[in-house]
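Asker: Residues per chain, in single letters:
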Amino acid sequence: MPGTRHRPLPALVALGLAGLLALMVALSVGSVSMSLQELWAVLLGRGNALHDTLVFSLRAPRALSAFATGGLLALAGALMQVLLRNPLADPYVLGISGGAAVGALLAMLLGLGTVLVSGSAFTGALLSTVLVFGLAQGRGSWTPTRLLLTGVVIAAGWGAVITFMLTLSPTEKLPGMLYWLMGDLSYADSPQVAWLVLVPAVLLTLPLGRSLNVLARGPLQAAALGVAVKPLEWGVYGLASLLTAVAVTTAGSVGFVGLIVPHMLRLVLGNDQRIILPASVLAGGALLTFADTLARTLMAPEQLPVGVITALLGVPTFLFLLYRSR
Amino acid sequence: MSVLEARELVVDIPGRQGGDPLTARILPGQRWGVLGPNGAGKTSLLHTLAGLRPPRSGTVLVDGEPLASLRRRTLAQTLAVVFQERQDSFPATVLETVLIGRHPFLSPWQREGADDVRLAHQALDALSLSTLKDRLVSTLSGGERQRVAIATALTQQPGVWLADEPTNHLDLHHQVAVMELLHQQAEAGAGVFLCLHDLNLAARWCDHILLLYPDGELCFGPADTMLVPEALERLYDQSLSVVTVNGKPVFVPT
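Chains A and B, in that order, are what the protein sequence lines are. With my numbering, you'll find the first sequence wraps up at 328, consecutive numbering, no jumps. With my numbering, you'll find the second sequence wraps up at 245, consecutive numbering, no jumps.
Chain A on its own, in the form it takes in the complex (with noise of 0.2 Å):
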């Protein structure tokens, strides 16, 4: 927008570098580490059998579910935030990750593959979409509030049948089920679905950014302005849902992303959708990707759930821009 406080361009210029720069980081460091020329040589096919099987086979998979976990966790949290008109709304606050949480647990206590976890995981996703979906319809009133107040109560009913299965669980199978809920990339090395879900969801959002502006003023103020509210409070809540239930089922429900990223960009960029939906598509995914890498090097060869690296900077992270903002 003209006259807003910086200019988009350069942001997203350096956003995208910063994306690039932690793919970058996030193939050449591990176990063997590999120096940029060597990088380079295995990216243009000329690089030793070694250095290929790690980049093409494991490193690379890894990373790009990375990147495409954190930008669809971070455009889902962005969009909830403007739709809940609540800063503090994150892509789960809805029960989403509950419901896949115990989707995914469900399947690991029958004893499932990675596959059919992942299955599980999207339908109980999906299914407590609708069950909040449902119930905040009610009869026919429909506020911000009440579909707020019924995710968080879903959220916390989610919470009580995950800790009551983790009791039912052998002890065997508690470190996957907790590396799960926190949060994990270790066996996320199919990254297309999540990229297929990823480009499409920001370029349909990207025309919308400023009716998203229009309606972050109220439902009546955006109705008076020519927006059709309602189809585009369901629309953006089904996206948002969508991309957090395949974020989910690539990665566990890694926390903090959705919630920090579209706050500290609004804070360095202003509140212009237009913005902001795709900055939090880079930076989200530059944040998990430079996550990751940490998560599985810096107690290597233990492998730490991304969870806790995306935590461990995000409490501190928010609690800063918190204290700041009063």
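Among the hints, erroneous ones may be present.
What the hints assert, rightly or not - Computed, partial: chain B to chain A, Cβ under 7 Å:
| id | residue |
| --- | --- |
| 1 | L61 |
| 2 | R64 |
| 3 | A67 |
| 4 | F81 |
To be verified - Computed far set for chain B versus chain A, every beta-carbon distance over 12 Å:
| id | residue |
| --- | --- |
| 5 | S(-7) |
| 6 | E(-1) |
| 7 | A15 |
| 8 | N29 |
| 9 | L52 |
| 10 | E56 |
| 11 | A140 |
| 12 | H165 |
| 13 | G180 |
| 14 | V236 |
| 15 | T245 |
These are calculated hints, taken from the structure and not from any lab test. Where a beta carbon is used, it is the ideal one built from N, C-alpha and C, also for glycine.
The hints should help you fit chain B onto chain A, whose structure is shown.
Answerer: Structure of chain B alone, referenced to chain A:
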């Protein structure tokens, strides 16, 4: 030039049965004032006329087209609403907020152009907000925010203004300035429809008055026939004294 018309319109107010149907046309150049006690349904009437809440019965038309058949975007190119309450959960500057008034005129991929920014600056000037343009709206006083809302509607260049207590929170000078601005808009061909609490502003600036009683009874007509003490005393259940200043009645509660 647009005409806002109500045909047999009954506003849907929860808990109130019946209510007189309203059939009226707000023509270009007219300045309507709606008067009534708290809870009489002034805001509900305004929102119904703006198509923001469905009527219990009857229709609202803009230039002969029922609101229900118009896209919101098309309607927003003609009709602007100034709300009594506003949400600003997210930070935005005064200029950004006022530019939002151009939303109905821009396609999804279009960004605000030089003309839009010029209109926004003109609106800021008209409401003496230019020096505040880079301030965050959340840091402004109530009266300043009210002027931002009016400037946003002005940026919309509406043919019909629906304003809910546009002088709320304003100091005396800005009350007069805003009413004068709306007067100019009417002279330039806009229809103006205001909910007001201040009888004297209504008496001085409105040429049509609509009285809205708590039980849903309503009556309207040219200002001089409506602003009679007996009717107003019954409306507000409050006895009034009338003095004449500059040829206009001034009502004082006694």
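Asker: Looking at the structure, which of the earlier hints fail to hold?
Answerer: 1, 11
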